[in-house]
Amino acid sequence: MTSAPAAPPVRRPDWLLLAAFAVVAAAYVRAIWFTPPDLLQGYAQKILYVHAPSAWVAFLAFGLTAAAGAFWLFLKDPRLDRFAESSAEVGVVFNTAVLVSGPLWGKPIWGAWWVWDARLTLTLFLWFLFLGYLVLRGAIADRDARARYAAVLGLLGAALIPFIHLSVYLFNTQHPLPVVANTQGIQMPPVMAKTFFFAFFAFTFLYVALVRSRYALATERDALDDSANGDD
Amino acid sequence: MPSTIRPTGTTEQMPDNAIYYQWAYGAVLALLLGYVLTLVLRRRALDRRRRAATR
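Listed in order, the protein sequences are those of chains A and B. Those letters in the first sequence? Residues 1 to 232, per my numbering, in order. Those letters in the second sequence? Residues 233 to 287, per my numbering, in order.
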């Protein structure tokens, strides 16, 4: 026997998501109209302001997916699994942004859309891995088994992240060295650095808003599944 | 070689490659908005499922 679910909640605008998009729009405006282009790279250098923050958010998202999965293995709290699922999905979106914006910088600067360089290849592997993570989740109906397998895959996938960051030092790569996360300090003029950090803030804010929205969706879905199965 | 980014130069000295960053900015924005659209559609699908269950 199944129990009837509650009536649909009243839908209100997601103000946090709208605010996050407004901040991203402000970062775009600053990058496009209020930040000078680079002397040698020209306007293509502005791709850095969406490429690097997207990479940061993807790494953050997958790192938190792994952390939530690890905690789930001990605590078995469904909220952790829902967070891991949400963070991984948003991470794949930002990882896709990295893989789209990177070649658009590579073509004018390197003369090639893609090179099988360690950093690029590992980033592509990371994308495939977390795409597989989402496919795996969709293929397992049992909630506990799904959370367990996903937690292990998330942990193994996130292990790639330090290698991706260090790949430019470990291997002879074509990818530029970090302009901020390095031992020499910030390698760009203040006007560019301000835009760079503002874009990092904007994309991180957007990550929080997207995960919150996706988490709410997962919570509603699970509640509906529970009521359909008569578990409530 | 350190990847130092240099300050702006004159437009005459710079390569004409603005189209690449315009495409990159457009593609990233389209990707993010597209993802939000999937969230909206999935939410509507949940509402439909809930309504069907209450009937």
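If you're looking for bench data, these hints aren't it; they were derived computationally from the structure. You may find that some hints are simply not true.
As the list claims (entries may be wrong) - Simulated restraints on C-beta separations:
(1) 142(A) with 263(B): 30 to 36 angstroms
(2) 258(B) with 166(A): 27 to 33 angstroms
(3) 34(A) with 286(B): 27 to 33 angstroms
(4) 258(B) with 178(A): 24 to 30 angstroms
Think of the CB as a built atom: it goes at the ideal place given N, C-alpha and C, for glycine as much as any other residue.
List of violated hint numbers, smallest to largest: 3
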